[in-house]
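Since chain R is already given, all that's left is putting chain D with the ligand on it; use the hints.
Read top to bottom, the protein sequences are chains R and D.
The numbering of the first sequence is numbering that gives the first Met the number 0, which starts it at 0 and goes up by one.
The numbering of the second sequence is numbering that gives the first Met the number 0, which starts it at 0 and goes up by one.
Just so you know, the hints here were simulated from the structure itself, not pulled from any lab data.
Ideal placement from N, C-alpha and C gives every residue a C-beta, glycine not left out.
The reader is advised that the hints may include incorrect statements.
Said to hold, decoys possible - Derived DEER-like restraints, expressed as beta-carbon distance ranges:
1) Gln52/D to Gly115/R: 36 to 44 Å
2) Leu56/R to Ala208/D: 53 to 61 Å
3) Pro133/D to Glu51/R: 31 to 39 Å
4) Pro35/R to Gln182/D: 53 to 61 Å
5) Thr62/D to Gly57/R: 39 to 47 Å
6) Gly58/D to Ser45/R: 38 to 46 Å
7) Leu203/D to Leu56/R: 46 to 54 Å
8) Arg158/D to Gly75/R: 12 to 20 Å
9) Ala99/D to Gly128/R: 44 to 52 Å
Stated by the list, open to error - Not the full set, but computed from the structure, chain R residues with beta-carbon under 7 Å of chain D:
10) Pro34
11) Pro35
12) Thr39
13) Ala41
14) Thr71
15) Gly76
16) Val77
17) Met78
18) Arg79
19) Met80
20) Pro98
21) His102
22) Met104
23) Pro135
24) Arg139
25) Glu140
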Amino acid sequence: MRAILFGMLLAFAAAAFAADGNPLRIEQPWAAETPPAAHTGAAYLSIVNGGEADRLLGAKAEGVGHVELHTTTMDGGVMRMRKVEVLEVPGGTTTVLEPGGIHIMLIDLKQPLHAGQSVPLTLEFEKAGALQVQVPIRKREAMQPSTAPPAHEHSHGDGQKMKME
Amino acid sequence: MTRRGKLLGMALVGGLALALGWVLGERLFRHLGSPPDIAGIYLPDAQALPPFQLVHQSGRPFTNNDLLGHWTFLYFGYSYCPDVCPLALTDLNRLQRRLATAGADGDTAYLFVSVDPQRDTPERLREYVTYFNPKFQGATGSDEALNPLIKALHAFYQRVDNPDAPERYTMDHTSTISLIDPQGRLRAIFTPPQDPERMATDFLAIHAAAP
Ligand SMILES: [Cu+2]
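This is chain R alone, in the form it adopts within the complex:
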């Protein structure tokens, strides 16, 4: 829920998307450059849905063994990463995948991700079908805001008051 920004675009988005027929648009895709030793990586993007509710069922990427959707939660200072089988993409909203929230996990990288290159990613939606995106690879440093990411703000009621036993 926190990852969904209720689109102010709703009214005119529908008209704009009608032109090319696909109500879904992918914005600001990027994947984080990985250390040389990394087996895994993460890609982030926004799904702008100007049409009816849809569902992201899965993804594939070139040069990547497995692609999964994951969500990260923070509870009492403990980080938990869990697989998301299906990601709901409500109509008229923008679903944001960002660091500390939901990520597209790239597992078993054939080679490290280098900034300046890109990963061809295919997203599989229930209604809209397959959507292809070239995901540019960027240094995390360049993409992460210098303060803590906003994705953390809401889930932290307890996290701040970690108990000392």
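Relative to chain R, chain D with the ligand alone:
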């Protein structure tokens, strides 16, 4: 009792009261005076760490002695983690550069302790952590080796099995950053979400308050 005895008694009692007052006052001052108000938990009485022995990224043992003589920012994680651990290491990198700019980085170390020794060999850890900052160090150890440190730093981790693919298990882990003082004692815990700027400010305050 002679007059001299009385005087001596009074002086003794007075002296004792003075000494007691001084000790109490000093303690009170130390506790209520001005403990740094940090984005996390500050321990006015630093907590000694139990003996532990991990494996350093170079392959040699890493023990309590390796924490002496400098401040250490310690983070538990694992290299297979694609999101939160790189996020934390990127923040620690920002912290290091911020402290370097402030000329306060001379006696600091940054340690990434992997809770996933099965996948994180020392060599792999070295490649992983130094990617974020050449000053960063990695260490790991078996559950038994990690446990004393995990407990003392009020941390937690647990393996989460992946039913589809056993080799693709993940780890839940505490995402706090512990600050160890130059005597090898726990001095503060920065709770997530950590902001490097704030941590730098907090560290300078803690550093200034340290005896
Ligand atoms: Cu993941």
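How the hints compare with the structure:
no., hint, in the structure
1, Gln52/D to Gly115/R: 36 to 44 Å, "holds, 42 Å"
2, Leu56/R to Ala208/D: 53 to 61 Å, "holds, 54 Å"
3, Pro133/D to Glu51/R: 31 to 39 Å, "violated, 51 Å"
4, Pro35/R to Gln182/D: 53 to 61 Å, "violated, 35 Å"
5, Thr62/D to Gly57/R: 39 to 47 Å, "holds, 46 Å"
6, Gly58/D to Ser45/R: 38 to 46 Å, "holds, 44 Å"
7, Leu203/D to Leu56/R: 46 to 54 Å, "holds, 49 Å"
8, Arg158/D to Gly75/R: 12 to 20 Å, "holds, 18 Å"
9, Ala99/D to Gly128/R: 44 to 52 Å, "holds, 50 Å"
10, Pro34, "holds, 3 Å"
11, Pro35, "holds, 5 Å"
12, Thr39, "holds, 4 Å"
13, Ala41, "holds, 4 Å"
14, Thr71, "holds, 5 Å"
15, Gly76, "holds, 5 Å"
16, Val77, "holds, 5 Å"
17, Met78, "holds, 4 Å"
18, Arg79, "holds, 5 Å"
19, Met80, "holds, 5 Å"
20, Pro98, "holds, 5 Å"
21, His102, "holds, 5 Å"
22, Met104, "holds, 6 Å"
23, Pro135, "violated, 17 Å"
24, Arg139, "holds, 5 Å"
25, Glu140, "holds, 6 Å"
Hints 3, 4 and 23 from the earlier list are contradicted by this structure; the remaining hints agree with it.
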